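Using the sequences and the accompanying hints, generate a full structural model.
Each residue of the sequence shown is one higher than the one before, counting from 3 in our numbering.
Take these hints with a grain of salt, some might be off.
Said to hold, decoys possible - In silico DSSO-like cross-links for lysine-lysine, where the CA-CA straight-line distance does not exceed 30 Å:
hint, residue 1, residue 2
1, 728, 738
2, 286, 357
3, 219, 189
Simulated from the structure, these hints should not be mistaken for laboratory data. Bear in mind the structure is a predicted one, so any value in this text is a computation, not a measurement.
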Amino acid sequence: MLKWLIRLFLFGLFLAISGMAAVFVLYQQVKPELPDVSELKDIRLETPMRVLSQDGELISQYGEQRRTPLAIEQMPPLLIDAFLATEDARFYEHPGIDPIGISRAAIVWFTTGEKRQGASTITQQVARNFFLTREKTVTRKIKEIFIALHIESLLSKDEILSLYLNKIPLGHRSHGVGAAAQVYYGKEVSDLTLAEMAMIAGLPQGPSVLNPISNPKRAAERRALVLGRMLDTGKISQEQYSEAMAEPVAARYHGAEITLSAPYLAEMAHQFARTMFGDEAYTKGLNVYTTVQSAEQQAANTALVDGLLAYDLRHGYRGPAAQLWQGNAAWDQEQIEQHLAQLPSYWPLEPAVVKQVTERSATVFIKGVGEARLDWDGIKWARRYIADNRQGRALRTASEALKSGEQIWVRPQGDHWMLAQIPEINGALVALDPGNGAVTALVGGFNFSLNKFNRVQQAQRQMGSNIKPFIYSAALDNGFTLASMVNDAPINHWDAGSGSSWKPRNSPNVYDGPIRVREALARSKNVVSIRLLRDAGIPAAMQRLNDLGFDTHNIPATDSLALGSPSATPLQMATGFAAFANGGNKVTPFVVQRIEDSQGVVLYEAKPEITPVLSEETSFLISEALNSAIFGGTSNGRRWNGTGWRAGRALNRRDIAGKTGTTNDSRDAWFSGFNPNRVATAWVGFDDFGRPLGRTAHNPNLGNNQVAGGEFGGSTALPIWSDYMKVALKDFPEQKRPVPDNITTASIDTGSGLLSRGEGMTEFFVKGTEPRRHASPSTRQQFGGVSVTDELF
Numbered sequence: 003m004l005k006w007l008i009r010l011f012l013f014g015l016f017l018a019i020s021g022m023a024a025v026f027v028l029y030q031q032v033k034p035e036l037p038d039v040s041e042l043k044d045i046r047l048e049t050p051m052r053v054l055s056q057d058g059e060l061i062s063q064y065g066e067q068r069r070t071p072l073a074i075e076q077m078p079p080l081l082i083d084a085f086l087a088t089e090d091a092r093f094y095e096h097p098g099i100d101p102i103g104i105s106r107a108a109i110v111w112f113t114t115g116e117k118r119q120g121a122s123t124i125t126q127q128v129a130r131n132f133f134l135t136r137e138k139t140v141t142r143k144i145k146e147i148f149i150a151l152h153i154e155s156l157l158s159k160d161e162i163l164s165l166y167l168n169k170i171p172l173g174h175r176s177h178g179v180g181a182a183a184q185v186y187y188g189k190e191v192s193d194l195t196l197a198e199m200a201m202i203a204g205l206p207q208g209p210s211v212l213n214p215i216s217n218p219k220r221a222a223e224r225r226a227l228v229l230g231r232m233l234d235t236g237k238i239s240q241e242q243y244s245e246a247m248a249e250p251v252a253a254r255y256h257g258a259e260i261t262l263s264a265p266y267l268a269e270m271a272h273q274f275a276r277t278m279f280g281d282e283a284y285t286k287g288l289n290v291y292t293t294v295q296s297a298e299q300q301a302a303n304t305a306l307v308d309g310l311l312a313y314d315l316r317h318g319y320r321g322p323a324a325q326l327w328q329g330n331a332a333w334d335q336e337q338i339e340q341h342l343a344q345l346p347s348y349w350p351l352e353p354a355v356v357k358q359v360t361e362r363s364a365t366v367f368i369k370g371v372g373e374a375r376l377d378w379d380g381i382k383w384a385r386r387y388i389a390d391n392r393q394g395r396a397l398r399t400a401s402e403a404l405k406s407g408e409q410i411w412v413r414p415q416g417d418h419w420m421l422a423q424i425p426e427i428n429g430a431l432v433a434l435d436p437g438n439g440a441v442t443a444l445v446g447g448f449n450f451s452l453n454k455f456n457r458v459q460q461a462q463r464q465m466g467s468n469i470k471p472f473i474y475s476a477a478l479d480n481g482f483t484l485a486s487m488v489n490d491a492p493i494n495h496w497d498a499g500s501g502s503s504w505k506p507r508n509s510p511n512v513y514d515g516p517i518r519v520r521e522a523l524a525r526s527k528n529v530v531s532i533r534l535l536r537d538a539g540i541p542a543a544m545q546r547l548n549d550l551g552f553d554t555h556n557i558p559a560t561d562s563l564a565l566g567s568p569s570a571t572p573l574q575m576a577t578g579f580a581a582f583a584n585g586g587n588k589v590t591p592f593v594v595q596r597i598e599d600s601q602g603v604v605l606y607e608a609k610p611e612i613t614p615v616l617s618e619e620t621s622f623l624i625s626e627a628l629n630s631a632i633f634g635g636t637s638n639g640r641r642w643n644g645t646g647w648r649a650g651r652a653l654n655r656r657d658i659a660g661k662t663g664t665t666n667d668s669r670d671a672w673f674s675g676f677n678p679n680r681v682a683t684a685w686v687g688f689d690d691f692g693r694p695l696g697r698t699a700h701n702p703n704l705g706n707n708q709v710a711g712g713e714f715g716g717s718t719a720l721p722i723w724s725d726y727m728k729v730a731l732k733d734f735p736e737q738k739r740p741v742p743d744n745i746t747t748a749s750i751d752t753g754s755g756l757l758s759r760g761e762g763m764t765e766f767f768v769k770g771t772e773p774r775r776h777a778s779p780s781t782r783q784q785f786g787g788v789s790v791t792d793e794l795f
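Rendered as structure tokens:
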């Protein structure tokens, strides 16, 4: 007997030594292919790029994988218990592999021939997730075991568990428990219920088929398994188990928790980071801090959307989006809710269905809100749209606009709701810090989801009268002053080539004869702009535009330049006007202030580009004239208003300046304005270049949205600019612009621009350019010794 025991012992020893030798041979064979796992000590988990405002509000997130890395201490103990109970109950006892589980998997393989994955510990899953594929082969399994053992020798159990819980794919592009909590429940992990923790812990074995969004039934079954194992291991009580089992499966997809809407700006910042870092921009966990402040961006969003919707109110109702039923074949509540759930929302518009219409009200069901009432004040604006220049008669009853079964759009108005529609008109608003070019707000259209075309940066539109300050600045550099008299009289220019006359007109078609340069710019006199262009010379004007950042390569060198025939983007326009606000410097606009990595290390910081292009004196004088465009002035005892007078009333401060712009047939409406702290441009127009903005008939129901007749820069774009500036300037006290050292003043006669012998107005001049003669009764009817009926320029 002893002999057999000795033989059995020796055989066992032989098997053990053979096994060890086999393991050693296997190790030597796969060793060259094993990765260096020491890099796990310094691993940086791939995290998406985040775009933020200056004050840290999340604007957007880019990257295929969503991950929110967390320290093990930030994870609820019950969440950790759920994963351990389900994936690796002996995690804190084994050395990285579970011999019992491996033996079980080996027996299955030998007896059935099936290469099942089972028996993988959490450490093995870390090895696979970081270094290996998911293929089910013996070679891969051997590598996995060796890597797992090596990992256990390098890292603590908590470090391994942290890597696992932050790396594991959990479905819907979420990686790690932090991202899964956000994706499925819109929560931080600390706010999850036990049932939600169990649901997430059940995902690793099949995230695509077990997740509660794609397959809620299978997800509930998996959740029950996790809760059962937690109960069996004593991690939860029977009461906790029962309560969690009773909780409904309420998961739904949650995108990134955007806290500030600025999608057009976000895409610009995204492209900037992509250019700098390539594909790594999506995985390095970059935090891209833009130049906007959240309050200003929100004000810009509201200002543009309100302005475009106000235009829509003035031009009539185009009818419902769809007719869902006719007559008495009404849908039930469930059908209505299902239909609305499939429709998008376009802030501030929500889809709704008309349920009932009375004489002067309607009952509607609004997506996400429920049943609501549209009062007469929210309906009466909806005269029928006929054309951009024509609307139907005023409504007498609600049924003239609404019918039961219609799918419509509504928007909140205070505590009530009003009928609305998605506007066909579009627009843009951009603002800069004129001191350095930082973009402080940017809205590229009514809604990014509807149309991703960024009109701030991409829409090349005719400049209209917004070009005039640049033409006038060239004239000031060519000997003119703000007091110079120019003939405001019709021009009739014969063009031998075309065999016709060019007859540019003022708008309105009114002429005042001799007029000072200040007043001509403030009142946007077209023929004066042409005469100044002719005197300064087209080359000088083109050079001025080029210096200020406009593309002049395709601009025709003709007199029409003075009327704004060239095209520019709103961003170029704001950049050009910034030179008047900052003392004559061209700034280069930028939207990214700095970029940090996931550890807060600054990888990029903006260095503003500032180039002097105008004299300080010229920029000051143009700013003075554009201040008069808002606050008006006096000539020969008569009071006149500038084209931007609405801005003065809206902001109630004197340190602002600006210029309206309207192109032929009102196809484009502009307003660009500034003070020393902000410069902004608003543009409104149709994306269809040939479509005019049109006119409106009188509508007593519109109130403050009424526009008398046409749509112009001062009535359509200016209110958008003003609404933004009210917020943008509220923290900047009103300030008087410093007068440059080389600027002097003189009292002038407003009718002649010469020195005044009595009462006159104070005008600014570059030293040495002030008038030398005094006004007299005869000079009031002349300027420069030339009769007002002559063609001077």
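Output the indices of the hints that this structure fails to meet, ascending.
Violated hint: only 2; rest satisfied.
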